[in-house]
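Residue numbers (my numbering), protein chains in the order written: chain A, 1 to 85; chain B, 1001 to 1412.
You may find that some hints are simply not true.
Some chain B residues close to chain A (C-beta under 7 Å, calculated; not the full set) [claimed, not checked]:
#1 V1168
#2 Y1327
#3 E1331
#4 T1368
#5 L1412
Now the stretches of chain A that chain B is said to cover, found in silico as 3 or more residues with beta-carbon under 8 Å [claimed, not checked]:
#6 18-26
#7 64-71
So the derived label-pair ranges between C-beta atoms look like this [what the hints assert, rightly or not]:
#8 B:S1164 with A:A45: 48 to 56 Å
#9 B:S1249 with A:E61: 27 to 35 Å
#10 A:E61 with B:P1017: 39 to 47 Å
#11 B:E1356 with A:R24: 22 to 30 Å
What the hints contain is simulated information worked out from the structure, not anything from laboratory work.
Here a beta-carbon is modelled for each residue, glycine too, at the ideal position from N, C-alpha and C.
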Amino acid sequence: MTDDPSVVDARGERCPLPVIRLARLVRDRPDLATVTVLATDPAAAHDVPAWCRMRGHRFVEARAEGDHTAYLVEVVRPSGPGAAR
Amino acid sequence: MSGGLPDDRQHDREPAPVPTPGPTRSPGVRRLLDASSGPLHPVARDTLQAAVEVGWADPARLHAEGRRARALLDRSREIVAAGLGVRPTEVSFLASGPTALARAVDGVAYAARRRGARTVASAVEHSAVLVPGRARAAAADDASLFAEVAVDPLGRLDLDAWRSALAVPGTVVAALQSANGEVGTRQPLGAARDAAAAHRTPLVVDATASLGRDDVPADWDVLVGDARSWGGPPLGVLVVREGVRWHWSEARADVEHGRADVTPWVPLALAAAEAWQQTTATRAADTQVTRALVDDIRRAASVVPDTEVVGDPEDRLPHVVTFSSLYVDGEAVVGAFDAAGFAVASGSACTSSTLEPSHVLAAMGVLTHGNVRVTLPLPAVSPSLADDVSVFTAALAPTVRAVRDQLGVGDL
């Protein structure tokens, strides 16, 4: 749907997929300073901010965009297993 | 018989027998770690069976069988009332805990209908409080008629927000649980009731998760319980303290002190009372045992990578614990534990028929996917409890790891 490399288009996907794809992108693209997740799953509203808190990133905002929501995350490096806890 | 009417055919056939439940499919050892709906305390189960023989009659009848049922119902009420430290006339039995909870709020609101219609409740209350509350506000097209007060990340009520919400004119009901049945966190009932009393607003306390497992709450105007929490059958208990303005709009004076539409089935009330007596007799020891076992589970879960144990670690129900693991599908993790012999629950969205995850986890701002919820049974219900928990704590990390590997997220 979008070719912006910093956007995860998880519309129509169920939990925990949006968060898994967010984590993969953040791991695979160390150059990205921010990542946006597009999701329709209501659980993403809670789980994207919770992921940020658990992994040490900063949750910026959730923006309603018609039939889905865009979640903006500021990536805080270094990131990886155990880095935030 | 060809050409016969459907009715004729039915008469010719033996009625299809109702299937008898067989043993659960998996033949191995089952370890019960989800006791929110039972099973019955073994002594209460015996009482229930015996009561089916002697207490089946309508206690309103004047014949000997009816009088016997009435005596058993009265005795059951006396036992529950004594256990809660109240008078029997203050206690009513309803069909279920959630029914009693919704009725408790209704009765306070109806009695105060000339002063206002606003209800204040915590955001982590039972859906029997939240759903009708939201519906009433929606029907009146006035969102202010139902205030949901925020909780902190441990699930504990924000007392400042509670006080502000109660100060809004037209507030006539306050509703708060003694402790949350999903995450275990206890609520500050004393301070919450003081705040409500300052506005002469009665406090409905939902003790459906705590009665029999934790101290009986003292700070309430209307109290609600569910016999399932103390090893009894599903049976709602509604206690309206004398002097509290409470009225059910559809009351029939002679049924359960005007708080129910039907007289309870006496065997259920008797089994509930028996379970109360049994559970009360062993509560101090049971609490100590389950509290230590929950500590073990909390410790084991907290060292699983990317796993959060939520709820208050100390000021909590002794027998409830929940945790969530990143990147794990709730349905998959419950399935993996089930296959390994463990019955656990989950508050994740994908484990129920709805897309919405547990409103409790959501209100706390904690991870909602990959959630596992444990409600320990009473030791009398499950004599293998300590062993079950020990095997569970050992299985925790490998099970979560296996689910992650299956989902291809082990490297995240």
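Consistency of the hints with the structure:
1. V1168: With a closest approach of 27 Å, the V1168 (chain B) hint is violated.
2. Y1327: holds, 5 Å
3. E1331: Interface hint status for E1331 (chain B): violated (10 Å vs cutoff 7 Å).
4. T1368: Holds. Min distance 5 Å.
5. L1412: Interface hint status for L1412 (chain B): holds (5 Å vs cutoff 7 Å).
6. 18-26: Answer holds; 4 residues pass the 8 Å Cβ test.
7. 64-71: Coverage by chain B is violated for the region 64-71 of chain A (0 residues, Cβ < 8 Å).
8. B:S1164 with A:A45: 48 to 56 Å: Violated, since S1164 (chain B) and A45 (chain A) (Cβ atoms, about 25 Å apart) do not stay within the stated range.
9. B:S1249 with A:E61: 27 to 35 Å: violated, 45 Å
10. A:E61 with B:P1017: 39 to 47 Å: This hint is violated: roughly 60 Å between Cβ atoms.
11. B:E1356 with A:R24: 22 to 30 Å: Roughly 25 Å apart at Cβ, these two residues keep to the hinted range, so it holds.
Of the numbered hints given earlier, the model fails hints 1, 3, 7, 8, 9 and 10; all others are met.
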